[in-house]
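Just so you know, the sequences run in chain order A and B.
When we follow my numbering, the leftmost residue of the first sequence carries the number 1, and every step to the right adds one.
When we follow my numbering, the leftmost residue of the second sequence carries the number 1, and every step to the right adds one.
Just so you know, these hints were derived from the structure itself, not from any lab.
Be aware that one or more of the hints could be misleading.
One copy or two, it doesn't matter: identical chains are merged, so the pair holds either way.
Simulated pairs of lysine-lysine, DSSO-like, Cα-Cα distance not exceeding 27 Å [as the list claims (entries may be wrong)]: (1) LYS757 - LYS670; (2) LYS599 - LYS385; (3) LYS757 - LYS385; (4) LYS211 - LYS680; (5) LYS599 - LYS670; (6) LYS385 - LYS670; (7) LYS211 - LYS599; (8) LYS385 - LYS680; (9) LYS211 - LYS757.
On a predicted model such as this, the values are computed, not experimentally measured, just so you know.
Single-letter residue listing:
Number of protein chains: 2
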Amino acid sequence: MTPVRAVTEVTLSSADTSIVVVVLCIALVALVMGFVYRREVLAASPGTESMQEIGGAVQEGASAYLGRQFRTLGIFAVVAFFLLMALPADDLGVRIGRSVAFLFGAAFSASIGYLGMNLATAANMRVAEAARHGDRDAGMRIAFRTGGTVGMATVGLGLLGAALVVLIYRGDAPKVLEGFGFGAALLAMFMRVGGGIFTKAADVGADLVGKVEAGIPEDDPRNAATIADNVGDNVGDCAGMAADLFESYAVTLVAALILGTAALGNEGGLTFPLIIPAIGVVTAILGVYITRARNGENALRAINRSFYISAGVAAVASVIAAFVVLPDDASQLGGITDEGLLAGGAASVVDVNPALGAAAAVVIGIVLAAFILWLTGYFTGTESKPTNDVARTSLTGPATVVLSGIGVGLESAVYTAVTIAIAIFALFTLGGGSLILSLFFVALAGCGLLTTVGVIVAMDTFGPVSDNAQGIAEMSGDVDGEGAQILTELDAVGNTTKAITKGIAIATAVLAATALFGSYLDAIVQAVRTAVGDDTGAVWDQFLVFDPRALVGMLIGGAVVFLFSGLAINAVTRAAGAIVFEVRRQFREKPGIMDYTEKPEYARVVDICTRDSLRELATPGLLAVFAPIAVGFGLGVGALAGYLAGAIVTGVLMAIFLANSGGAWDNAKKIVEDGHYGGKGTDAHAATVIGDTVGDPFKDTAGPAINPLIKVMNLVALLIAPAIIGLTYGDGASAPIRWGIALVALVVIVAAVVVSKRRDIAIGDAPERAGVLTES
Amino acid sequence: MTPVRAVTEVTLSSADTSIVVVVLCIALVALVMGFVYRREVLAASPGTESMQEIGGAVQEGASAYLGRQFRTLGIFAVVAFFLLMALPADDLGVRIGRSVAFLFGAAFSASIGYLGMNLATAANMRVAEAARHGDRDAGMRIAFRTGGTVGMATVGLGLLGAALVVLIYRGDAPKVLEGFGFGAALLAMFMRVGGGIFTKAADVGADLVGKVEAGIPEDDPRNAATIADNVGDNVGDCAGMAADLFESYAVTLVAALILGTAALGNEGGLTFPLIIPAIGVVTAILGVYITRARNGENALRAINRSFYISAGVAAVASVIAAFVVLPDDASQLGGITDEGLLAGGAASVVDVNPALGAAAAVVIGIVLAAFILWLTGYFTGTESKPTNDVARTSLTGPATVVLSGIGVGLESAVYTAVTIAIAIFALFTLGGGSLILSLFFVALAGCGLLTTVGVIVAMDTFGPVSDNAQGIAEMSGDVDGEGAQILTELDAVGNTTKAITKGIAIATAVLAATALFGSYLDAIVQAVRTAVGDDTGAVWDQFLVFDPRALVGMLIGGAVVFLFSGLAINAVTRAAGAIVFEVRRQFREKPGIMDYTEKPEYARVVDICTRDSLRELATPGLLAVFAPIAVGFGLGVGALAGYLAGAIVTGVLMAIFLANSGGAWDNAKKIVEDGHYGGKGTDAHAATVIGDTVGDPFKDTAGPAINPLIKVMNLVALLIAPAIIGLTYGDGASAPIRWGIALVALVVIVAAVVVSKRRDIAIGDAPERAGVLTES
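Here chain A stands alone, though its shape is the one from the complex:
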């Protein structure tokens, strides 16, 4: 069964308009709340002079990096803006709106990233200061409210953008929002890749020279890479993750609105997808507000409690909203009739209760979020069996640590992917045989999952903030005793929240990508009807999984995910090599560093990280944008559909594998550092440090960047689908033009990869390179 958009005109009734206005107000409330939380954070004491000095250096480095990154990305954005203008759309208004929305999406994504970084760098020292005074609760509150600010900005700006576009463009809003989502996703992907390379190059480089060679502890001020390491936490984990979750939020909204109008027409198609996230805003405010540890309670438990309470409230409210807003009989739907696409059968109204289905879909999304939170915790937590098994293999050396971590990652990917698969199958059955309704329910489940995003962002930001607080405390030497203990506890909690929110980010990405994939179908159906009229049968062959075109597309889609991951990992390896040689050089040329009589040149390392990560982000970025163009125009829309499916499937599995292997290694190291299997300084410890280093680019560079990657590729496909169909079946059909476009895209990809390969001087070459950097 396949969608037919029976209703040609979707508009906004007065009642609907009022709903959207209310949503808009809620979005503004979120922004105000974010402002309130921010003031609360900034009101705290920034700490001793030395702490402020270190914190200031981190802030400066992070601002400098993001500034340069935005200038680089500005060029990309301008190019993309004009390419978007060139793509066909229903009318000029939509085309302009879409391109402008693109800029807004990109700008919002960038702003949230910047805000996250900026506030986190201010909060770091404040958390350290609170700990210095032994005030654990204040420290925890500052860290969590910092995340709360970012979380509110994420949901506020996302909802604001979507609601505004719906108010202005009404029935055309979904088309315009494609631009908004694309801007958000593209920027987020670049920030994920660039920030991910920065943070892990600094981290790996610092560890390799500091911990392994010089035998000095983490965050030791004698290590020239420590400031860069802290900067990295802020530009990677804070700015990158915030932009990523904003992008997930925006893109899911876009997909829900596209599929909503196709499935529900005027019966809530434009409003219901906004109501669910609006509920999420309210529950997120609740969640951030109620997060406070009871007397002596573990911080993680308090955070988890807020998560589950706010998720529960959101579920109940969403169910009520569904029954209030949506019809309970499919025959009331103006917008949905299903016609057997393949059967050539007659149009028929699907026998399903939309209100019930939608309510169930949202609840499935929320339950999925909770379950995945638990599952990721199981595979990566310090208490859990898999992580402890990995820690135990340290007794037989680094090789077995690496192998067992890979084993855990592969396995955890299976359980997570199968869970998501089961959820999608359940959502499919809710659709009662209507493909478009099923796909809409998938999008709604994504919205449900995203009701938790406010709290998730807060949890996630908690990680780098407490990590940095500890770093600043360590470097300043101003915090000890109880204060240091508090910071260690907060850091451990932050590690866990950071790991488990990755699971949520992936689940969100899968649902969003699947929904976008459905939107791609909708785009094709419409474009095909425009191009060939009603007798579209022959077009559909290429979408069969059996068709070699689809299969070839899948192979290429899967391969692109592998290439992207490989490029990201290689970039970190390369950049880390440069850091290693720079730090070694400083130790050699400034012998006073080791006995504290000389200060290392922190800024130089920050510079190298900045330069390298900006240079490295182009290749994976170009690959993500141009690969679907090459496949789509070159091999057709069927191959492109296969491509998207292959990328989603391989992307999910790889993202979870990379994230959870990395998480397990990280905590295996912590287990050994806590005194098990010999504890710090033993061979077992060295083995787990190696495992952790391998895991660094897995979990913080390649893995998380796959989330925006699969969405960017789906959005590109969605945007170019009408053009491909037009050039294949329409009046202006022209194989040479199609192939010409494909060829240009291919050339761009090959050139980008070749350029990146030519940088492929491996780590061993870096002495000369470090030399070059020094002279310049």
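Chain A is fixed; fit chain B onto it per the hints.
Here is chain B on its own, set in the frame of chain A:
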């Protein structure tokens, strides 16, 4: 467009019968040639007494392992035989024939594995003896002829089985051959998994204690695991690879015959797919015969030359055969009319030249083989840039070695997969819009690729034989000076041939799996027509890549490949742990071992390996067989199609990634051992040893086992498709029965995984376990 089997009765004309008889004779010639090569090998001198003693111990261990393995697998085979009998088929004769053919397929697969192992263990000492006398050419000839014997047996038995079944069952042959292929694939998969675990558990265990802890060289007789390590080479690399390639051969033939009858009907459908491999037999004899190194020439160059010459001859001969046997006008085809499945359009004859298309398809297959040989060599050879880059990262320690190796593996997977994708797309366009013809051409390309199999098996077997020869020489201490140098050279060549043939094995597997996937479509089309009559439109929706069912299937299919890989890697880690503790125990309890006054108990380590690998092979095996059953009966034929597609795509990428990462690490270690970056004994060397150890289960356990895995799953799907359709759409449709079957399958999988998890005492627990083994 989709296939309709217009010709209901495919038979064998007298002319066709004659062709098949000639093919049969060629198959017998291959077997005779194998016998001749074997005598030649055995005629060589078996070497000194001490070499014979060591060789004898290896042979004994290998025979004992395979014997026990076959007894274990016998149970599986009997169960599978009865399950097969229970599955519906056209008539009872086909059903019985198929089940009997299953037993033959399994028996042939096992025999070839046994033969390969048996002859290799005899050849090892003979190669060492030839080297002892400084006769490099003789050593090389013995090693290559050993492989030649196995190669001839592979192609001889494969062709013999297929030709016999065609002669006996004629039009029903494809159905019966499904059993043959399934038997071959199932046995091969178990042998791959079991042998792979054995060989790598022994290898990793031996290295971890010997090289890393005790600081003694590889193959040192003081290491209790050395004999087990050599046994492993024979049961894993020889027996496993031989069975795997036999299985690829058989399965490709089966798919080509199924699709051939569907596409060509009586116009060569049953004969042409036999002619191409028959040509391959002749050129393989040529290839093995002409392999001799010219004066002082590198052995690898000589082997490569034979490969390219025999491939070239095969290509020319195949093109001639195509034009002689096949019609050059599609309208002459009795068997092919294409009906727009989705369009509901009228049947139409496809405008394509079958002879030209078939000739091109075979040539594409052969060219693909040659290209992949080169590509794999590029990514894993000691001379090539990527491997040298990995070696160079050893300067910054094991973590960067592991990361860069993973980067190389990911990237190489991309190029190989994209190459295969391009080949498939080219084959698709040859089909001129007929899906069934396209798929037949894919199968033919597989046949083309397989014309090189005789030489490929010979090349591959060269690896373990020369490796073992060196091991025996080292342990006996009887070979030194020039002899030792010859063996080192042969071993290095063997490492490369072993690595590059893996690429071919994977490419074969992809084409075979894609062709089987096409056969699955054919099976569904027929079953659906039987069940619902001609109006089948509504059935096809679930096969659209967009359909959530297909997408869910893909996710699960990809996940199963990850789980399978994870299980295999974990099994090696676990088993290696047991070896480590056993060897440590022997060193501790027999202090005389280190000064050669006491002999280690080699047999005990062989015992542990045998026991553990037999125990470990069940879980991945059950997963491969029961996962498609659970998905197919539980979620339907559309989800099962998605499942197969997901498994193929993820399987290809993972198989190449694992194989090439492993190959790159292996040779990076060799580069350092050759004196680069500090050479043996430095930290850089230790770093590459760790990389190599991580790569061991990648390249020799998990990676290669994926090849038979994806074929076994496709064959299971092919066999159960009619039953699923019957229970879904037929007269006997029954959801409870379907779900009941799915549930049983699911329970089997979960139970198998849980049992394997309960063994998941990680390596650190092994002391107690080793103790238990000692007492028992």
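Okay, the hints, checked on the actual structure:
{"no.": "1", "hint": "LYS757 - LYS670", "in the structure": "between (36 Å within a copy, 24 Å between copies)"}
{"no.": "2", "hint": "LYS599 - LYS385", "in the structure": "neither (43 Å within a copy, 39 Å between copies)"}
{"no.": "3", "hint": "LYS757 - LYS385", "in the structure": "between (40 Å within a copy, 11 Å between copies)"}
{"no.": "4", "hint": "LYS211 - LYS680", "in the structure": "both (11 Å within a copy, 25 Å between copies)"}
{"no.": "5", "hint": "LYS599 - LYS670", "in the structure": "neither (29 Å within a copy, 42 Å between copies)"}
{"no.": "6", "hint": "LYS385 - LYS670", "in the structure": "within (14 Å within a copy, 37 Å between copies)"}
{"no.": "7", "hint": "LYS211 - LYS599", "in the structure": "within (18 Å within a copy, 42 Å between copies)"}
{"no.": "8", "hint": "LYS385 - LYS680", "in the structure": "within (21 Å within a copy, 38 Å between copies)"}
{"no.": "9", "hint": "LYS211 - LYS757", "in the structure": "neither (30 Å within a copy, 34 Å between copies)"}
Hint check: violations occur at hints 2, 5 and 9; the rest are consistent with the structure.
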